Amino acid sequence: MKIVFLAALVYGVVGFVNKLQRTKVQLPKHYIVGIIGVIGLALSSLIVKVSAQQVGVVVTPKGVSDQELHTGWHIVAPWSQVYSMDKTVWVYTCADAQNEGAKANADAIWAPTKDGIKMGFDVSVSWRIIPDEASWIYQNVTNETGKNGRYHWLEENVIRAKLKSALALTVSNYSPIEVYSVKREEIQHHVLERMKKEIKSYKISINQIDIREVYYNKEYEQAINNKKLAEQEALRLIEVTKQKEEKLLQSKIDKDIAIQYAEGEAKALKIKGSAINTNPKIIKLEWIHKWDGQLPTYMMGKDNGIILNVNK
Numbered sequence: 001m002k003i004v005f006l007a008a009l010v011y012g013v014v015g016f017v018n019k020l021q022r023t024k025v026q027l028p029k030h031y032i033v034g035i036i037g038v039i040g041l042a043l044s045s046l047i048v049k050v051s052a053q054q055v056g057v058v059v060t061p062k063g064v065s066d067q068e069l070h071t072g073w074h075i076v077a078p079w080s081q082v083y084s085m086d087k088t089v090w091v092y093t094c095a096d097a098q099n100e101g102a103k104a105n106a107d108a109i110w111a112p113t114k115d116g117i118k119m120g121f122d123v124s125v126s127w128r129i130i131p132d133e134a135s136w137i138y139q140n141v142t143n144e145t146g147k148n149g150r151y152h153w154l155e156e157n158v159i160r161a162k163l164k165s166a167l168a169l170t171v172s173n174y175s176p177i178e179v180y181s182v183k184r185e186e187i188q189h190h191v192l193e194r195m196k197k198e199i200k201s202y203k204i205s206i207n208q209i210d211i212r213e214v215y216y217n218k219e220y221e222q223a224i225n226n227k228k229l230a231e232q233e234a235l236r237l238i239e240v241t242k243q244k245e246e247k248l249l250q251s252k253i254d255k256d257i258a259i260q261y262a263e264g265e266a267k268a269l270k271i272k273g274s275a276i277n278t279n280p281k282i283i284k285l286e287w288i289h290k291w292d293g294q295l296p297t298y299m300m301g302k303d304n305g306i307i308l309n310v311n312k
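Counting in the numbering used here, the sequence shown runs without a single skipped number right up to 312 at its last residue.
These aren't lab readings, by the way, just hints derived from the structure by calculation.
Don't take each hint at face value.
Claimed, not checked - Distance windows between CB atoms, simulated:
| # | residue 1 | residue 2 | range |
| --- | --- | --- | --- |
| 1 | Tyr-180 | Val-91 | 20 to 30 Å |
| 2 | Ala-168 | Val-64 | 34 to 44 Å |
| 3 | Lys-255 | Gly-116 | 50 to 60 Å |
| 4 | Ile-117 | Val-91 | 23 to 33 Å |
| 5 | Lys-244 | Trp-110 | 42 to 52 Å |
| 6 | Lys-147 | Glu-100 | 20 to 30 Å |
| 7 | Val-64 | Ser-165 | 22 to 32 Å |
| 8 | Glu-186 | Thr-241 | 35 to 45 Å |
| 9 | Thr-71 | Lys-147 | 16 to 26 Å |
| 10 | Asn-157 | Asn-105 | 13 to 23 Å |
Claimed, not checked - Within a straight-line C-alpha distance of at most 25 Å, the following computed DMTMM-like cross-link-like pairs (lysine to aspartate or glutamate) qualify:
| # | residue 1 | residue 2 |
| --- | --- | --- |
| 11 | Lys-147 | Asp-66 |
| 12 | Lys-252 | Glu-263 |
| 13 | Lys-203 | Glu-156 |
| 14 | Lys-62 | Glu-133 |
| 15 | Lys-49 | Asp-132 |
All figures in this text were calculated on a predicted structure; none of them were measured in a lab.
We treat Cβ as the ideally placed atom computed from N, Cα and C, and that holds for glycine.
Work the whole structure out from these sequences, hints included.
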């Protein structure tokens, strides 16, 4: 339609100018400026600007051109239409928490480990269309859901499907503990490489895969918690038993010491008794050893049992 209107405008302007020349009529300057403005406006409709975030797809009467328009100014035939497509990075997220991912409900991706234990993943995929393939996407990917319908279709039917497949194939080579901890970065790398290969035919590229969180299923997590509690209880009982054994050992040591001390005392008394029997003067010697050098304060009177205070 643009070419029809432009042709009509040029035809009218040329005819008007010819008529003025024949009738020798002098056209006012503001009329001339107005005519020039109309012609310039018509010509400007042939010029298309493509922004830095977009790529232009040209649709001609024959169909979609395979020559994309990149950032800058372009002259496009008036019988062609130019459609802009976003070439920036999009992020598609699957998450267990509601309203955190692309879907409002819980949408974590679950995949089985080599032990058959299913584990959940919060994953984000950074992707974009290949700018030089925008025409193919425009022509081959449906746009049923509105302005960005092609992108949403790619996310739901390509990104999500390939992500589930890549996770399942990769995670099946690892144990649950490896998936949960030490091998997460390695798994992330393998999933990215798988997806890059599988989405080539859809003319899009994957920039990054981020495994943001990993979950056990509820039954397995409960089993793990129960096992941890049992291990903690076993460790506690071992510590209690150890303390009891230490107390028992100390008690035995104390008992042995007491027995040895008593045996020593008995042996000493036996030796001392034998010595006294052999030599009664040992008693006097013992009395001298124990005397503190003080004379007695009281003594018994002879025969009558009278106690006398010798200090007075």
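| field | Hint check, failures only | value | Structure breaks no hint.
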